[in-house]
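S.K.: Please take these sequences and the hints and turn them into a complete structure.
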Amino acid sequence: MNITLSEAQSLALRRLLETGLPLTPRPFQALAEQIEACEAQVLDQMRLWHEQGLFRRVGLVVNHRALGFSANAMLVLDVPDALVDEVGRRLGQAPGINLCYQRPRRLPQWQYNLFCMIHGRQRDRVEAQVQALLQEHMLDDLPHQLLFSSHLFKQCGGRFAAPAGASIDG
Amino acid sequence: MTPSPLARRLIDRFQHGLPLCAEPFKAMAETLGCSEAEVIDCLQHLQLAGTLSRVGPVFEHSRAGASTLAALAVPPERLHQVAARVSQYPEVNHNYAREHRYNLWFVLTGPDRAHLDIILQELEQDTGLTPLDLPMLTAYRIDLGFALETAP
Numbered sequence: 001m002n003i004t005l006s007e008a009q010s011l012a013l014r015r016l017l018e019t020g021l022p023l024t025p026r027p028f029q030a031l032a033e034q035i036e037a038c039e040a041q042v043l044d045q046m047r048l049w050h051e052q053g054l055f056r057r058v059g060l061v062v063n064h065r066a067l068g069f070s071a072n073a074m075l076v077l078d079v080p081d082a083l084v085d086e087v088g089r090r091l092g093q094a095p096g097i098n099l100c101y102q103r104p105r106r107l108p109q110w111q112y113n114l115f116c117m118i119h120g121r122q123r124d125r126v127e128a129q130v131q132a133l134l135q136e137h138m139l140d141d142l143p144h145q146l147l148f149s150s151h152l153f154k155q156c157g158g159r160f161a162a163p164a165g166a167s168i169d170g
Numbered sequence: 001m002t003p004s005p006l007a008r009r010l011i012d013r014f015q016h017g018l019p020l021c022a023e024p025f026k027a028m029a030e031t032l033g034c035s036e037a038e039v040i041d042c043l044q045h046l047q048l049a050g051t052l053s054r055v056g057p058v059f060e061h062s063r064a065g066a067s068t069l070a071a072l073a074v075p076p077e078r079l080h081q082v083a084a085r086v087s088q089y090p091e092v093n094h095n096y097a098r099e100h101r102y103n104l105w106f107v108l109t110g111p112d113r114a115h116l117d118i119i120l121q122e123l124e125q126d127t128g129l130t131p132l133d134l135p136m137l138t139a140y141r142i143d144l145g146f147a148l149e150t151a152p
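Those sequence lines, one after another, are chains S and E. Going by the working numbering, the first residue of the first sequence is number 1, and it counts up by one from there. Going by the working numbering, the first residue of the second sequence is number 1, and it counts up by one from there.
Incorrect hints may appear among the rest.
Restricting the straight-line Cα-Cα distance to at most 20 angstroms, the calculated cross-link-like pairs of lysine to any residue (SDA-like) are [claimed, not checked]:
| # | chain 1 | residue 1 | chain 2 | residue 2 |
| --- | --- | --- | --- | --- |
| 1 | S | K154 | E | I40 |
| 2 | S | K154 | E | A49 |
| 3 | S | K154 | E | R85 |
| 4 | E | K26 | S | A40 |
| 5 | E | K26 | S | V61 |
| 6 | E | K26 | E | I40 |
| 7 | S | K154 | S | A66 |
| 8 | S | K154 | E | A84 |
| 9 | S | K154 | S | G20 |
| 10 | S | K154 | E | A73 |
| 11 | E | K26 | S | G20 |
| 12 | E | K26 | S | A30 |
| 13 | S | K154 | E | Q47 |
| 14 | S | K154 | E | R98 |
| 15 | S | K154 | E | V82 |
| 16 | E | K26 | S | Q29 |
| 17 | S | K154 | E | H16 |
| 18 | E | K26 | E | R54 |
| 19 | E | K26 | S | A82 |
| 20 | S | K154 | E | P5 |
| 21 | E | K26 | E | Q47 |
| 22 | E | K26 | E | E36 |
| 23 | E | K26 | S | H137 |
| 24 | S | K154 | S | A40 |
| 25 | S | K154 | E | P76 |
| 26 | S | K154 | S | N63 |
| 27 | E | K26 | E | P5 |
| 28 | E | K26 | E | R8 |
| 29 | S | K154 | E | L69 |
| 30 | S | K154 | E | H80 |
| 31 | E | K26 | E | R9 |
| 32 | E | K26 | E | H16 |
| 33 | E | K26 | E | D12 |
| 34 | S | K154 | S | V61 |
| 35 | S | K154 | E | N93 |
| 36 | S | K154 | E | A29 |
If the Cβ cut is set under 10 angstroms, some of the chain E residues that face chain S in the computed set are [as the list claims (entries may be wrong)]:
| # | residue |
| --- | --- |
| 37 | L32 |
| 38 | S53 |
| 39 | V58 |
| 40 | E77 |
Since the hints were derived computationally from the structure, they do not count as laboratory data. Beta carbons are placed, not taken as given, at the ideal position from N, Cα and C, and that holds for glycine.
M.R.: Here it is as structure tokens:
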């Protein structure tokens, strides 16, 4: 059993992880050096965080636009509250749906409570896929809208660690 | 860009499940039947080409802190100016124009909910526009990346 990281070291590690692993044979060793810890401590911490559910996934974070996935659509539906879990679970399993979340309505400005993300190469094919999906699940009578993105202003990883303070120096 | 065969296999196999071991790229290479150097070289090329943002964890918003999806209905002539204001915040990680009356959509992440409230208030004061604040209530699909082959 290794000595666990100090609070300042874990916070520093989280901030380093937000920008990704160094692409070297021993990436956790390289991170450990930056926070004055050893590789085994960093790996233990990573596994612990993984078990605790802090990571949604660990792997390649791909810029879908650079791969030609420029038709990025958000499908929003107004699903009766009693049905939203059932519909959400079904759409969440459908092929082509990358994310499926329930979010609150904000009436009267915003009536939709179920959000699905679809990344595709061509707009007309995404539209056709969504139409087919809604028909298949008999949801095409529900109020819904498909919001395509028209411009990307910014895309990067989340910044969860506090933006100021928490240096491990000294 | 068109990814190389190895790049496609890396993308299809390792958007999740990166081995948490001392030599993860070597372990990935063993799974794919190539060398560690080829994996690292391929990832470096993907990163230089802008195809790969990074390799590592995607944090679970609800566990790692607070996050919300916010939207603004911006008069079209002000869209770029307001978008630039929104993007200035390091707490904003996705910021998109979308075709809707609510035409600017962005994800805010921070250490806690109070931190996000301050930013939403600042944005409202600065722009005169009231953001929609749509935090996630339930996730029905775990994000595992996306498939190159089956996407429309």
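S.K.: For this structure, which hints from the list above don't hold up?
M.R.: 1, 17, 19, 20, 23, 24, 36, 37, 40
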